[in-house]
Structures are given as structure tokens and as C-alpha cells.
Amino acid sequence: MQNQNQPQPRNNTTSQASASMLSDRRAAKDPAFGEKLRQMALPLAPLVQLTTGDVHPAFPPTLLNFWLLTDAQLEELAHFYHQRTPCRWTFHYPCPITWTPDMPLEEKRRKIGRFIGLRGCESPIRVKSEEDIMEEARRARLGDEEEMWRRKMRWC
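The numbering of the sequence shown is full-length UniProt numbering, which starts it at 1 and goes up by one.
Hints were generated in silico from the structure; no laboratory data involved. Predicted model, so just to flag it, every value in this text is computed and none were measured. Watch out, some of these pointers could steer you wrong.
With beta-carbon atoms standing in for the labels, derived distance ranges [claimed, not checked]:
(1) V55 / E106: 18 to 26 angstroms
(2) G143 / T70: 25 to 33 angstroms
(3) R88 / R141: 22 to 30 angstroms
(4) I133 / P57: 45 to 53 angstroms
(5) G34 / P96: 35 to 43 angstroms
Every residue gets a Cβ at the ideal spot worked out from N, C-alpha and C, and that includes glycine.
Given only the sequences and the hints, what does the whole structure look like? Please build it.
Below, the structure written as C-alpha cells:
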């Protein structure tokens, strides 16, 4: 007979159930959190290697797993799907990418995301800052003034 004051041993299923209950309660209080949980649970369709038809063991089954990929796993995925070292199979994938090992983790993740078809993983477009725009306008104005003086001096 077990002492009722002792806590019951917890197995992995019990831990997962209580974590799920906690997230359900938090999601009920915060709709944005619930929506984010729903988004992170979205399943990803696995990409198969062209030469073997295999799926890499580290291929993320959900969006959350994609965001948890390590640098080493991203490198492995790029190699497995013929993107790290270009070969005759590289450009047979729907969205081939250029890969360099010295890229930062965020860029590797963005490129693999684009490769597997995730939206929002496109190359960022550089947006000019207000200072850049002002500097560009100043240079254009100076160029216009120089051109004006050249024309005037030619008549003298």
C-alpha cells in the first residue's frame, strides 16, 4: 500500500499531459498565444532526396521543429539534399539555394526554409534608412548644382 502523502512517480506521458494542460489554460487566457501554438504545430511535408527517395532523419516534422534546428543539422540537411556541395542534382530540386558554410545561423535557417517551401523565408530586401535617403538627396542636389555652374561658366 502506498502512502497517500508521497507524490506519484511521473512518467513522460504524465509530464506531457500536464504541459499540454498548462499551455491550454494559457492559450485560453491569451488568444495570441493559442494562435502561435497552433501555428508552431503545423506539420511540414517531408522533402525526399532525389537520388534515394529518403527523407533526412533531422527533417523537421513541424514548424516548431524547424525553428529548433541547430547549425549542424542545417548543414546536414543542405548536404543531404545536394545544396552544400553543388553537383548534377543540385538544380533538380524545386527551389535550389546557394550555400556557404560561413553563413550565420539565421541565414542558414532562412535558406533551408526557402528550400523546403516555407513562406516568409525569402531573401531580405535592404530598406534604405532615413539617413541613406537624405544622403542620396544631398548628393543629387550637389550634382545638380555642379551641372548648373558648368553650364553657366561655359557662356562666360
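Evaluated hints:
1. Roughly 24 angstroms separates the CB atoms of V55 and E106, a value that falls within the hinted 18 to 26 angstroms.
2. G143 and T70 have their C-beta atoms about 50 angstroms apart, which leaves the hinted 25 to 33 angstroms range violated.
3. Evaluation of the 22 to 30 angstroms hint for R88 and R141 yields a failure: the beta carbon distance comes to about 53 angstroms.
4. The hinted range of 45 to 53 angstroms is satisfied by I133 and P57, whose Cβ atoms lie roughly 48 angstroms apart.
5. Look at G34 against P96: about 37 angstroms separates their beta carbons, and that is inside 35 to 43 angstroms.
When each numbered hint is compared with the structure, violations occur for hints 2, 3.
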